[in-house]
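Based on the provided sequences and hints, a complete structural model is requested.
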Amino acid sequence: MKAPSFAYAKPGTLPQVFDLLERHGDGAKILAGGQSLLASLNLRLSSPELLIDITGLPGLNGIRIADGKVRIGALTTHRQIEQSSEIAEHLPLLAQAVRHVAHVAIRNVGTIGGSFALADPAAEYPACAVALDATVVLAGSKGERRVKARDFFRSLYETALVPGEIVTAVEFDAIRPNFRSVFLELARRQGDYAIVGLAAHAKADGSRFSDVRLAFLGAGATPVLAGNAMASLEGKPCSADVVAAAKEALAEDLDPPKDLTTSSAAKLHLARVLTGRALAALSQ
Amino acid sequence: MDHALDTTMILNGAPVSRRIPARQHLIDFLRDEMGLTGSHLGCEHGVCGTCTVRVDGQIVRGCLTLAVQANGKRVDTIEGMSDSGELAVLQQAFHARNALQCGFCTPGMLMAAQDLIGQKRKLSREEIRAHLSGNYCRCTGYQSIVDAIEEVLQTDVPHGQG
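Chains E and U are the protein sequences, given in the same order. Its first residue numbered 1, the first sequence is counted upward by one per residue in the working numbering. Its first residue numbered 1001, the second sequence is counted upward by one per residue in the working numbering.
Bear in mind the hints are in silico, worked out from the structure with no lab data behind them. Here a beta-carbon is modelled for each residue, glycine too, at the ideal position from N, C-alpha and C. Worth double-checking, as some hints may not be accurate.
Stated by the list, open to error - Between beta-carbon pairs, the in silico distance windows are:
{"#": "1", "chain 1": "U", "residue 1": "Arg-1129", "chain 2": "E", "residue 2": "Glu-49", "range": "38 to 48 Å"}
{"#": "2", "chain 1": "U", "residue 1": "Thr-1140", "chain 2": "E", "residue 2": "Ile-65", "range": "43 to 53 Å"}
{"#": "3", "chain 1": "E", "residue 1": "Asp-211", "chain 2": "U", "residue 2": "Arg-1019", "range": "49 to 59 Å"}
The following block contains the structure:
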């Protein structure tokens, strides 16, 4: 189908963006890469009065490493992340995850800020951000504020963004020595939405599990941190019994919604399979 | 607020200026306004890849790009890249391998494949398939398509590399 009629503006400064958002309220939508937004317009799932194209704003694009932090500007594309040697070195979880984000022609255009603002529960970055306790940087006419990823994703496609605000960056702690990251995803075809996926991160000394973080995608309305499974692993030896107990504990953490092809029980089973694989990789 | 915008792009090497409705995506502009019907519309929501074109040297989904977003950018289509000879080797390989059946996906396949050719490194069939994962062939002629691309990549890689 064709998109409904809308107006288009491409402001050159953030204050102009905030002014347009204030004047148009709910009628305005932010256009960054547009790889989800324009699809939803073509499907007539949404009919905004105005698209505010923010790709002309200076300072929102790029990857910066400083003081043990990796700051990724909202307009940084998936392709930039995929091809960044800095991301591969300092944020291996994201480097692994980005290969699962759609296809090259979409990764060339889609942005990290867009992925966070959309908050699709099957998206890769949000689960990584929750696993790594990342911070989302938001800006509005009243200034900037910072929200932890676990508080940013509120519900299905719902975030902590309030009217008039946009995502300007995401900040991660760079990986520390002796830590290891594993990203795994099951999809019916390369680049499709995840049936279920897992962003895992832990201190890896090869004998005991420590500081384990397990965040699932496609397993709830938001990324789900598997607190019970994580607690069951803490300080325990890397043994088959311990891994089995963590898989068992996932029943307390996850209640995955069924989709067209996969039941809730099958998703829980697949989440356990991924957990086994991830823990094996983390404990090597 | 503007529902149509004056837009100038470099289309297949030549500047084009038009007033374009904001809601019009790049493929409708190319096909309906410019008569360039080589870029196809399949699903029109970013899944099938038959609308693949190049903007500023990168392959994109034409159906998920507003024509007004191409303002100030270079747009290359299957027509321009055929006329310039850039795709000649790939097209010859597709022809020789019978890497098309109905032909509907072929322009998008060629655009996606050419993106690989420029990389000048040896790729496995799995890597070729991963790169083409965003392009559907509903005749399911993937085997021959991968054959053709693999053949071009083998001759494309300079000696001593890959």
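Evaluated hints:
Arg-1129 of chain U and Glu-49 of chain E have their C-beta atoms about 42 Å apart, which keeps the hinted 38 to 48 Å range intact. Remark: the range hint 43 to 53 Å for Thr-1140 of chain U to Ile-65 of chain E is upheld by a beta-carbon distance near 45 Å. Distance hint check: the CB atoms of Asp-211 of chain E and Arg-1019 of chain U are about 58 Å apart, consistent with the given range 49 to 59 Å.
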